[in-house]
Every structure is written in structure tokens, then in C-alpha cells.
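Trainee: This is what each chain is made of:
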Amino acid sequence: MASSAAASSEEAVKAAKVLMVGAGGIGCELLKTLALSGFRDIHIIDLDTIEVSNLNRQFLFRQSHVGQSKAHVARDAVLKFRPNINITSYHANVKDTQFNVEFFKQFNVVLNGLDNLDARRHVNRLCLAAEVPLVESGTTGFLGQVTVHVKGKTECYECEPKPVPKSYPVCTITSTPSKFVHCIVWAKELLFAKLFGDKNQDNDLNVHSNENGTSKSDVFERNADEDLEQYARRIYDHVFGYNIEVALENEETWKNRRRPNPIYIRDTLPEEDIRQNGSSRDCNNDQEDPSAMASLGLTNPQEIWNLADNSRVFLESLRLFFEKREKEVGNLIFDKDDQLAVEFVTAAANIRASSFGIPLHSLFEAKGVAGNIVHAVATTNAIVAGLIVIEAIKVLQGDYKRYRMTYCLEHPSRKMLLMPVEPFEPNKLCYVCSETPLLVEVNTKTTKLREVIDKIIKGKLGMNLPLVMIGSTLVFEDGDGLEEDEAANYALNLEKFLAELPAPVVDGTKLTVEDFHQELSCSINIKHSFVSCATQPSEKVLEVLPELYGVVVYTYRYMLLDEFDEEKEPDGMVLTGWSAPVEKQVTSNGGNQSVASSSGADDADGIIEDLSTKPGMKRKLDEILETKENCDASSSAQVVEDYDDDDIVMLDEDPALAKKKRLQ
Amino acid sequence: MGGGGAEEELTAQETALYDRQIRVWGVDAQKRLSKAHVLVCGINGTTTEFCKNIVLAGVGSLSLMDDHLVTEDDLYANFLIPHDESIYGGRSRAEVCCESLKDFNPMVRVAVEKGDPSQINGELLEKFDIIVVSCASIKTKLLINDHCRKRSKHIAFYTIECKDSCGEIFVDLQNHTYAIQKVGDEPKQKELTYPSLQDAISVPWKNLPRKTTKLYFAMRVLENYELSEGRSACEASLSDLPAVLALRKDMCDKMIFNSGKLQSLSESQIPTALLERLLPAGMKQHPPVSAILGGILGQEVIKSISGKGDPIKNFFYYDATDGKGIMEDIPPSSSD
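One line per chain: the protein sequences are B and C, in this order. Heads up, the first sequence is in numbering that gives the first Met the number 0, so the first residue is 0 and it goes up one at a time. Heads up, the second sequence is in numbering that gives the first Met the number 0, so the first residue is 0 and it goes up one at a time.
Please keep in mind that the hints were generated in silico from the structure rather than gathered at the bench. Treat the hints loosely; a few may be bogus.
[Stated by the list, open to error] The list that follows gives simulated cross-link-like pairs (lysine to aspartate or glutamate, EDC-like), each with its CA atoms no further than 16 Å apart:
| no. | chain 1 | residue 1 | chain 2 | residue 2 |
| --- | --- | --- | --- | --- |
| 1 | B | K509 | B | E440 |
| 2 | C | K181 | B | E409 |
| 3 | B | K414 | C | D321 |
| 4 | B | K326 | B | D288 |
| 5 | C | K312 | B | E409 |
| 6 | B | K400 | C | D321 |
| 7 | B | K414 | C | D309 |
| 8 | B | K79 | C | D252 |
| 9 | B | K414 | C | D328 |
| 10 | C | K34 | C | D66 |
| 11 | C | K181 | C | D309 |
| 12 | C | K152 | C | E112 |
| 13 | B | K193 | B | E327 |
| 14 | B | K94 | B | E518 |
| 15 | C | K149 | C | E112 |
| 16 | B | K193 | B | E325 |
| 17 | B | K16 | B | E154 |
| 18 | B | K444 | B | D506 |
| 19 | C | K138 | C | E222 |
| 20 | C | K113 | C | D66 |
| 21 | C | K187 | C | D309 |
| 22 | C | K307 | B | E409 |
| 23 | B | K447 | B | E494 |
| 24 | B | K152 | B | D398 |
| 25 | B | K104 | B | D40 |
| 26 | B | K79 | C | D102 |
| 27 | B | K193 | B | D398 |
| 28 | B | K79 | C | D83 |
| 29 | C | K283 | B | E9 |
| 30 | C | K210 | C | E266 |
| 31 | C | K126 | C | E112 |
| 32 | B | K150 | B | E424 |
| 33 | B | K79 | C | E98 |
| 34 | B | K198 | B | E325 |
| 35 | C | K248 | C | E266 |
| 36 | B | K13 | B | D40 |
Pulled out of the complex, with its shape left as it was, chain B reads as follows (with noise of 0.2 Å):
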């Protein structure tokens, strides 16, 4: 009989173990879908716990389950129409030491249904190392891909530069905002955190307060006797009228700018006396979650409030925040599925905004632009799974000449809505998954060996633990099990120049680096330069990685000689031979590396690095495009061709051609 789809592969698939990175959008397709093709042996882990916002797509999850582990509801849910199969769920982070290469091999293909960069190249590697092919995929709203990395076959996962985070000058958030973002990153990132976060965290929000409140050491700090309603009345007076006071005193700051105007209680809420919130009182009692918008009576997330009712949440919300949550105050984090949160950080970017002459915008709209919020919809998670799917099989097979990687569109290209792409050959210069090594320019007598490791192996490489030696010197480890000596002379070194290491590093000198959870290890060349590593940033960078919402994120960019590139190369150090330019968790007070571990990402299915914004993705697809265009212009015969062939379109068809755009 000629085979079917599904009866050539049963084998492969019957005796297959597969291992599944997610179990959110993407994930719940992807596991209905491998159970109802046949797939006996499935492994699947997610950190995260189901929340009311994924019961829009996450199809295996009720309104009943949420705040449990999304990985074991999955399986369970699974079972019941696939009770034969095995299923093994762990609620935890893939990039748990658990998780390690051991771990990894025991599988014949690893699926990822993942939502951010960092899990992203924490998996590539570990299945690089455990020669484990892998299955990538990632979907934004009606966009959606699906990659296959295989050792030795194909580019591995992070061969193609991936896109920088957005940044923002922190002068632009603190003084001068244009954009409505900039308005959300100055009441998420800075008055949020100071009113609610960690006092002991750096905070750029209080330099006029500073300036000239000699008396008072802090105004942000209520007053042992102050009612909530005047603390959060001078709170207001204070952000948005006597901090635009101060500022408008610097007239070269306005000189080419419109003034902003100083926004007072008084006047945007004249008639209300402090006493007079009498609709707060009725639903405090039973309302589990506080909410202002409830307490006030307003209804619609899609509306836009005026300026007097951004005040009215705005005092309404610092209040419950006091009032309800007084337990929290101190140590929260802003969290998009946080409504109260959400309503203060809108209503205070929405009054700075008036203040600057932005336009204001909705709690809906706000809540995307602070949460990073990735669209999602069930119909492209699907059809995501369904190729994922596809492409796992292949690999059992070993048909790696039909590998493709495949991609969603949502405006068809040249007939297709679904378009495959032979894959690329993996990258000679990627220090992943080849041995090129890295070099790095630095001054090696003013460069400290904490700089190198924050910013450069652990910020650039994505490096979690990492061990450094100099030839056969260990000069620095990390992770726990450590004696306290070495520990105690780990520290020391990371404080001291590299020149002045117990193995000096200077011009020439070969570092070895390594990631043993990883097993990623590569070598890096120093080259000294004589750059002036100036103390004193020139500009304070406030960045806000997408994948990362709710961390702020600080480099320095320091004064530099002109040889370096001041935009590429902010950190004072300059990294050859490295393709991923993305610049992470470098933090202004010697890096905290934990933020970005787990816990960050959006729960949406996001590719972060979505088809619209990966500059690598959109010249493969351009490229592509562009090949096909040059066969239809310049030889009919060639399309003639291709009708013979099996194939209609043959998009993949030239591959000499392919090859030479990819060069360039």
C-alpha cells in the first residue's frame, strides 16, 4: 500500500521520547496535537501557573484551574482522551540544574513552545551539547515560524543575530518624555518601585527632591501621623507639580522643547474635598483584589479617562495600595495581571502625559505598552503545533533533506500562507555551536575581572554559572558547592584589574570560559587597548528588555576614545566574533543576574523576537523572496521547470542563489 502521512512514521513516532519546553499556547496544541498523532512518551515542563488571560487560546485549561501548574494540568487534561499514553510533567524551570545535559539525552527530539530569549538559548545549548535536534517555534498574532536545529545540519538557534532591546535615555524618562512609553516606563520602572518597590533599589526618581530637600530625607516616606489621603494628595503634588517646577527652572532644557505644565490636585479635582471619597467605602469590605476602577465605578478598560479621572485612580489606587495590600508595599514587582497595579501605572503615566501634551490612553492600551504584552490568538498556535509536528517527525526519521523551517504569514506572499524555507547551514563565526573564538578589546589595567563577567560572559554570552581560567589558572567560579576559601578568593578577584590577576591578562592573553550546566565552553582572545574607561558615565541608558518586563535595566555609557563605537560598544569593551547583540542585565550597581532567570517572561506565546522585528529573520525571508523574483523576471524557463517538477513554487528552488544572498 502506498504509506500514508501516518503510517510510514508510526514507528518512529510509537518508540519516540520527546521532551517539551512550555506548556502555554503554543504548548496545550502542541501536546493535544503529539498525543493524537501517536506519540507515546512525552515530557513537558513549565514554570508557570494558568491565569485568566490564557484561557483565550490555552484550550486544556478552565476557569477552575487557574493559579495551578500549567505542565501538570496539560498532562492531565491530555489523558483524558489519550489515557494510554505516557506523559511526565514537571512544574519547574528548564533552566533548573535538574535539567542538565544528562537529562537531555535521554530524549530523541526536544520541542520548544517557549516565550522568551533567554529559556531560548539556555535549551539551544543543552541540546547542542546533548546532540539532541531541536524543534523551535514562536507565534505574534497571525505571525508565527517554526525552525529545526540540528548539530552539524543546520544553524543552531542562535547563529542569527536576535534584536536589541529597546532603550531609553534616562534623561528622556526622568525629564523630557515625547511618547506615550515613556510615560509608562517613568510610572512602572520609577514612581511604582519607589512607592511600592524596594527602597534600598537605586532610583532615578527622587534627584529634585534631593536637590533641595535638605531638611526632609525623603518625601516619598509617609509621615507616622499623615492620614493616607494626604500622603497620597502630596504624593501627586509632589510628581507632577513640584517636580515640573523644578525642572522647568532649567531653561536650556526648554529652549527647543514644549514647557510642560505642573499638574496640581487642587486644580484638576477642585470640588472633591480629601474627605469626600465616599464610593470607595462600599466595596471594600468584600472585594478580594482591590481595584480602583471598581471602587469609582468605572467600567470600561477600552475608555479613556480625562485628567480628573486619572486623578481619581491615581489617589484612589496608592490608597487600596496602603489600605489592602499593606503586607506587599516594600518588596512588589510591577506584574501585568496586577489590575491595581495596572490602574496606578495609567493613571500616573496618563497624568504625565497631560502634563507633557502626549496623548492619553486607555487602562487596555496601557496595560500592553507596560506589560509588553505579546498578541495571541488560539488559530496561529495551532497551526504552529501542527508544523512542529511535521518537523519532529522528520527528524525521527532522519529526513534532515526535508527539513524546513516554516513561516505563518498574515498577508500572503506569492500564493503562500504557509511558507517553507530550506534551513541554513549552521554559522562558522557562532561561538555556540562552533569553535571560533571571541575576541575582546579592553583595557586590561582599568577593566576589572566583575566587568568582564557581568557584562560581557555573563550580559552578552547568556553565560548562567560560569568558570574563567587563564591557561591552567581558575581565576573565578560560580554556583554553589564552592569551599569558602576559593569562594573568598573568587571574590577578591573579581574586584581587581585584569592585569593584575594571579595569571595577568594582558594583550594577547587566552581566556577559557565556561558553562558545565551548559556545556558550552569557548575561548576568548584579549586584545589590550588603551581606552579610557572613564569613571564617570557620559549617559545613563534605562533599558527595558522586552522579555523582561518589570526589570529595569541600566548600562553605562561610559566617555570613549573614538576608536569605539560608542552605540555598538556602550560598555567601554569591545566583543568581536559574536553574533547576538543583545545587551542584558547589565545593572548600574554590579549586577543582579537573577532577575532575568525565570519568572520575567510574558505569558503570551510570543516570539519576542517576532517576524516584524528580527532583523535576521526578515532578510532570510527578503532574500528569499527577492531569489524567487529574480527566477520569474529573468527566466520563464526555470519557472516552466518547476511546474514538471513535484513542486509548484519552488521557493527553496535555487540554492546556489540563496546562498550568495546570504553571504553578502
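Add chain C to chain B, keeping to what the hints say.
Mentor: Frame of chain B, contents of chain C only:
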């Protein structure tokens, strides 16, 4: 029809549930979705995928028509049927699936519509905005399409079939007006006029562009075979291959004689291997292909209800062996 005026706001519950998708297609489209009524005739792995997608998206109502009793065969590609004979035994596909679908989204009304799609009348169709037909004979499909076109109400008509690793979707939106906005452009109003199913499957092949997908021709051969033998779509097997190949020759020859031009379709352009793949597949579906087709159809129905985005005109084909998902416009529009 349920629902109130278009000005009615979404509830807080709806906004919370649909948050991520409203960010894709907007509040307006969401409101329209919640007022749309969909009928699916024929429940199989592929329409099950489709049903899941539009129930999650939040359509107003979904009705299922399939009186066949659930058998063990149905379990293969259908995740809506629990593996428990005490649950599905003696009940129809529509009943069992309806029960599971209700759970997916409490805000969508899911119901069973008893009856036989081949006996459907126009009046019944008038209750719906969208009709999806699968697993039915070409006769039934033509009949329902005809009914839809004769009603004064605008009813969108779709057929969907998966055979092994291949799938076909047909779309008839009659006259469809929609808005399209591409990055950096002003939103534009566009209008499309669709041919009926009858017109779309009986176009002389000589009028088709050379690059038309082979799947289109192969599906027409199988359809014709089914008509000539008076069989239902799912009954054919590999033993019918010689007869199907004869029919293929016949159909290709006709095209040559009719056109008098030799560059018309030759038999080899409907590969035997392809027919061999499709023929025994019958109603057997490859689950990942069902997921893909059900996803595409879900998206199309959302586009047509919301009046946003380029809809498929008027065929969509997917073949897992080359991985392409292709739109075909048949007969080809004269202008654009």
C-alpha cells in the same frame, strides 16, 4: 439573532478573557464575533480543530450537525471524545463533541442541530452567518452552497477536507467587503466577488494558470470519480486506483480536445503517486495536518466575520510533503 446593538460594550469578563486576541483584531471585531452564528456539518478531526478555535475566539453560537453514532474510529483524530465508551456509547458525534466544546468557553452557546446535511433546507441555513461543510459528498456540498447563495441574508460558505497529509479549503463569501491596513498605509476598503462552488470546480482546465497546484486537479478527479460511482467521499480505496487513473486520462484528454492546444494538462501533471496518497486516505486524517487546516479555517472565519484582513479567495491547499500552504483563485479573477 442574539446580542444587542453594536454599541454594546464588552463585559469585564470578556475583556479579561479575550485580552490577548483583542490586541490582535480589536474590540470591534470581538463584538462582531460574539454576534456570529456558525453551523458545522460533519464532525471529524479537522472540523473539531476548527470548532475549538472559534469557540475559544468567542463566537456567539456554534451548532453541530452530525447524527452518526460515535465509533472507535472516531477516537483516532478527535480530542473532543473521551476514551470511555460509557460516555460516547450510543450517542452521536455532534452530541458528544458539543458537550466537550461547551467547557472550552462558557460564553459561547454550543448546540446540536439534528438532521442530515444532504436534506438541509434554506430556511434552516438562514439562522446562521457561517456554514462549514466537511465529510459530505460533493452533491451535498453543492446543494448547501446553492441554498446559501439563494437566501437574501449573506451567508458565508466553506468546505474543508483533509486526506492524509493533504488538505483543501473552499471559500464562498459571495460579495465580501472588508478593510485592510498594511503597515504604514491608510486603511483601505476592498471588495471581492466569489464564484459558486459549482463554478469553481467546473472551470475548463485550459483556463487555469500553469502553476495551479496539482492538488486542485487531483481533488477534482476524485470528486468526479465519486459522482460517477455514486459513492460517498469516504468509501474509496486503493483498489479503485485503476478506475480513477482512467478517469484522470479521460478528464485530461477532454481538456486537450476542447482547447485544441497541446500545452494543456497532461496526465503526469496529476501524479499517480499523489492519487495513491489521497485515494485510500478516505476520511483518515493526519492530526498535524488537521491542526493546520483547522487553524487556517478558523482564521478565515474570523476574517470574514470581522471584515478585517485579506480573506482566502477561493481555495487553500496544504501538503505536508512540501510544506506549502497555497491560495488559489479559481477561476482566475480577470482584473487584479
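Trainee: Given the hint that K187/C pairs with D309/C, test it: the Cα-Cα distance must not exceed 16 Å.
Mentor: Holds, because 11 Å separates the two Cα atoms, which is no more than 16 Å.
Trainee: Given the hinted pair K283/C and E9/B, is their Cα-Cα distance within 16 Å?
Mentor: Holds - the C-alpha atoms of E9/B and K283/C are around 14 Å apart, at most 16 Å.
Trainee: Check the hint pairing K94/B with E518/B against an upper bound of 16 Å on the C-alpha distance.
Mentor: holds (13 Å)
Trainee: So if I understand the rule, the pair passes when the alpha-carbon distance is 16 Å or less; does K79/B with D83/C pass?
Mentor: Given pair K79/B, D83/C holds - Cα atoms ~9 Å apart, limit 16 Å.
Trainee: Below or equal to 16 Å on CA atoms is what counts here, so check K444/B against D506/B.
Mentor: Roughly 11 Å separates the two Cα atoms, so the pair holds.
Trainee: Given the hint that K210/C pairs with E266/C, does the C-alpha gap stay at or below 16 Å?
Mentor: OK: K210/C and E266/C at ~15 Å, within 16 Å.
Trainee: Just to be careful, I want the Cα atoms of K104/B and D40/B compared with a cutoff of 16 Å; is the pair within it?
Mentor: holds (15 Å)
Trainee: Please verify whether K248/C and E266/C have alpha carbons no more than 16 Å apart.
Mentor: holds (6 Å)
Trainee: Between K181/C and D309/C, is the straight-line Cα distance small enough, at 16 Å or below?
Mentor: holds (10 Å)
Trainee: Given the hinted pair K152/B and D398/B, is their Cα-Cα distance within 16 Å?
Mentor: This hinted pair holds, its Cα atoms lying about 11 Å apart.
Trainee: Does the alpha-carbon distance linking K79/B and D102/C stay inside the 16 Å limit?
Mentor: Since the Cα atoms of K79/B and D102/C sit roughly 14 Å apart, the hinted pair holds (cutoff 16 Å).
Trainee: Mind checking the alpha carbons of K193/B and E327/B for me, to see if they're no more than 16 Å apart?
Mentor: OK: K193/B and E327/B at ~13 Å, within 16 Å.
Violation of the numbered hints given earlier is confined to hints 8, 10, 12, 15, 17, 27; the remaining hints are satisfied by the structure.
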